[in-house]
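Chains as they are written, first to last, in the working numbering: chain A, 45 to 406; chain B, 45 to 406.
The reader is advised that the hints may include incorrect statements.
If several chains are the same, the list does not tell them apart, and a pair holds so long as it fits within one copy or across any two.
Below, in silico cross-link-like pairs of lysine-lysine (DSS-like), each with a Cα-Cα straight-line distance of 27 Å or less [unchecked claim]:
| id | residue 1 | residue 2 |
| --- | --- | --- |
| 1 | Lys217 | Lys284 |
| 2 | Lys279 | Lys217 |
| 3 | Lys279 | Lys98 |
| 4 | Lys117 | Lys74 |
| 5 | Lys96 | Lys372 |
| 6 | Lys279 | Lys112 |
| 7 | Lys98 | Lys193 |
| 8 | Lys217 | Lys243 |
| 9 | Lys402 | Lys279 |
| 10 | Lys118 | Lys193 |
| 11 | Lys189 | Lys348 |
| 12 | Lys74 | Lys98 |
By construction, these hints were calculated from the structure, which means they are not laboratory data.
Number of protein chains: 2
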Amino acid sequence: MQRRPFLATLGATAAALTTGARAQEPAGKKLGWALVGLGSLSTNQIAPALAKTKHCKLSAIVTGTPAKAEAWKKQHGIPDSHVYNYETFDRIADNPDVDVIYIVLPNSMHEEYVIRAAKAGKHVFCEKPMANSAEECRRMIAAVKAAGKQLGIGYRCQFEPHHRECIRLAREKVFGPLKFLEAGFGFQIGDPTQWRLRKNLAGGGALMDVGIYALQACRYLTGEEPVEIVAQETKTDPVKFAEVDETITWSMKFPSGVAASLMTTYGFNGKNFFSATCQRGRFGLDPAFNYDGIKGWTSRPDVKIQFPAVDHFQAEMDAFADAILNNKPFTPGGEEGLRDLLAIEAIYRSIREGKAVKVEAP
Amino acid sequence: MQRRPFLATLGATAAALTTGARAQEPAGKKLGWALVGLGSLSTNQIAPALAKTKHCKLSAIVTGTPAKAEAWKKQHGIPDSHVYNYETFDRIADNPDVDVIYIVLPNSMHEEYVIRAAKAGKHVFCEKPMANSAEECRRMIAAVKAAGKQLGIGYRCQFEPHHRECIRLAREKVFGPLKFLEAGFGFQIGDPTQWRLRKNLAGGGALMDVGIYALQACRYLTGEEPVEIVAQETKTDPVKFAEVDETITWSMKFPSGVAASLMTTYGFNGKNFFSATCQRGRFGLDPAFNYDGIKGWTSRPDVKIQFPAVDHFQAEMDAFADAILNNKPFTPGGEEGLRDLLAIEAIYRSIREGKAVKVEAP
């Protein structure tokens with residue numbers, strides 16, 4: 045049984061974020077970020093978060109929609125020279141104001157744009173899921189490594205204090221050794237024409253989009269990798285979900301003997317949680333994965349999980365900037381993304397083959 | 045999709061229990077019960093419950109331990125003529141004070157004693173799990189049917205008002221159609237020498253003993269039978285659990301499209317619940333399966349699940365007596381027990397073969 049030094053790494057990064065003293069860094073230096081893909085996540089979450097960061101600023105945009113370019117230029121004061129489309133994207137290599145390129149495109153485009161960003165000599169931050177397959181993840185990791193740059197994956201919950209406290213409770217065995225995990229995330233998806241329901245764009249359905257949060261939670265709570273998975277798919281609307289998964293439940297077991305039950309769905313609201321059962325008590329979050337309103341609970345009246353709200357995107361971008369400015373390895377990076385895709389591929393394989401499967405090695 | 049007329053049957057039985065008027069029944073008639081097996085369940089739950097019933101009384105005992113016979117005779121005023129051991133058991137046929145024989149033996153002995161009780165011409169009540177296999181259940185059902193008697197299985201939760209209210213909330217779609225179920229029951233088992241850890245006596249481990257409650261809950265909440273199951277076993281103590289299962293997680297799907305995630309364990313405390321996610325809200329019980337202290341919750345402040353405590357054993361025995369006295373079919377009977385065993389066999393088969401399996405037809 046091998047525990048990755050997750051908490052230590054994360055702890056260091058976060059400590060640096062909250063203390064003011066960061067000697068190696070040029071005073072006041074802010075990294076310039078280019079946003080690739082100006083959909084609702086960029087508009088409603090990432091751009092406002094960038095404005096709140098300590099160490100980042102919005103420097104450039106990449107979009108295929110001229111009207112969006114105009115609106116963003118005006119709203120964020122971006123000069124023409126810092127606006128790219130998907131044809132001109134590679135010229136971003138010559139823009140010294142861009143330090144980091146943040147890929148916020150549909151999943152199927154992550155590989156191409158992460159690799160092009162790396163080839164442009166920039167650090168790369170990429171939304172989750174990292175890609176549509178483990179093979180794509182491996183190529184992305186190799187490309188960023190070859191460029192000598194950092195790769196970060198947008199696992200925002202790892203920077204959220206309720207989640208971080210749960211990781212501490214699990215790893216420090218505050219309720220005794222962890223025995224069992226439950227996690228689930230789903231919602232009733234609306235517009236049947238959206239890209240999330242197209243396999244060639246999204247790579248999969250609920251599992252790729254939101255189930256990954258439940259999977260991540262089990263991985264960061266244990267600090268271990270799942271070894272064996274059995275999964276079951278349920279489809280109630282074969283028209284809407286003709287291409288992608290609607291509801292999946294799965295079991296995973298971890299090397300230390302922790303068992304886990306997970307679920308994800310695009311079919312209904314109500315599941316947005318994780319729960320940890322330990323030798324001497326229980327704790328969890330419900331809701332767990334929203335941008336705000338996260339609520340913690342424990343089985344002990346004297347142990348509370350309660351923190352002020354933070355902007356998850358602000359926190360993750362500042363942490364990435366901190367790693368770059370101080371030349372420290374960043375977690376969660378490509379390895380984290382790859383590990384999730386390996387588990388996701390095992391889940392789909394288990395469903396397809398109707399059997400228990402081992403998770404592939406990275 | 046076929047819904048069994050469970051609620052209607054149960055409703056009728058319970059209504060009869062709570063109203064005083066029961067015309068077909070001889071006024072004041074109490075059925076005489078014989079308890080077979082005087083372990084802690086008989087001592088601490090069933091005998092005290094019998095004393096509280098309206099329509100039942102303790103008439104006879106069957107035990108292989110002379111010291112227990114003496115103690116029970118004294119405490120309950122049972123004459124020598126109404127005390128049997130496992131050799132003399134069949135003479136109970138000649139005892140007109142015994143109407144019902146309640147089998148409270150280790151699981152592996154259920155079949156033999158249910159069949160012998162039926163051959164003695166008595167109604168039979170049998171603890172859960174009904175038997176160690178579906179095949180045993182079928183023979184038990186046939187024997188009681190051939191004797192023209194009633195067979196009841198000790199699924200006490202079906203007579204508990206919190207559970208009954210949850211069945212109503214699910215079936216009447218108070219929160220909209222049911223979408224997803226989670227259920228689990230487990231505990232950290234103590235004494236490593238007990239019969240529950242011996243496969244030849246218990247038939248299995250946590251799943252047979254307590255997982256069956258979680259399984260039952262999903263069946264009575266949906267009113268449907270699971271069609272496909274995938275299961276995973278986790279074993280952290282291969283010595284203690286050399287013969288039987290320690291922790292099992294499994295997924296089931298139901299004909300209407302309801303998905304379910306379940307678990308059971310002998311390895312740790314803390315899971316004792318079910319939770320129903322519906323189109324427009326959630327509800328559940330936690331703890332759910334204890335003899336008392338059951339707590340309900342819902343996602344709507346105006347819908348409470350809150351009832352005075354009842355003695356589950358008293359309720360189920362009076363319901364069985366009511367069915368006999370009024371010549372009505374009793375639910376949960378042998379079919380319920382058989383259905384659970386078919387699902388349990390599918391769970392074990394899925395683990396053994398490492399694949400998704402269909403649940404066999406009764």
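Measure nothing new, just compare the shortest in-copy and cross-copy C-alpha distances for Lys117 and Lys74 to 27 Å and report within, between, both or neither. within (20 Å within a copy, 86 Å between copies)
Which holds for Lys402 with Lys279 at a C-alpha limit of 27 Å: within a copy, between copies, both or neither? For Lys402 and Lys279, the Cα distance is within 27 Å both inside one copy (24 Å) and across copies (17 Å).
Homomeric proximity label, Lys189 with Lys348: Cα distance no greater than 27 Å: Classified as neither; 41 Å inside a copy, 57 Å across copies.
Can you tell me if Lys217 and Lys284 fall within 27 Å by alpha carbon in one copy, between copies, both or neither? between (44 Å within a copy, 24 Å between copies)
For Lys217 and Lys243, with the copy left unspecified, which applies at a CA distance of at most 27 Å: within, between, both, or neither? neither (41 Å within a copy, 33 Å between copies)
What label fits Lys279 with Lys98 when the C-alpha limit is 27 Å: within, between, both, or neither? neither (45 Å within a copy, 48 Å between copies)
Cα distance capped at 27 Å. Does Lys74 pair with Lys98 within a copy, between copies, both, or neither? within (7 Å within a copy, 79 Å between copies)
For Lys118 vs Lys193, is the C-alpha pair at or below 27 Å within one copy, between two copies, both, or neither? neither (31 Å within a copy, 84 Å between copies)
Given identical chains, is Lys98 near Lys193, meaning Cα to Cα at most 27 Å, within a copy, between copies, both, or neither? within (21 Å within a copy, 79 Å between copies)
Status of Lys112 relative to Lys279 across identical chains (alpha carbons, at most 27 Å): Neither way: Lys279 and Lys112 sit 36 Å apart in one copy and 55 Å across, limit 27 Å.
Using 27 Å as the alpha-carbon threshold, which applies to Lys279 and Lys217: within, between, both, or neither? between (38 Å within a copy, 20 Å between copies)
Checking an output row: Lys96 and Lys372, CA cutoff 27 Å. Within, between, both or neither? Within one copy only: 22 Å inside, 71 Å across.
Comparing the model with each earlier hint shows violations of hints 3, 6, 8, 10 and 11; every other hint is respected.
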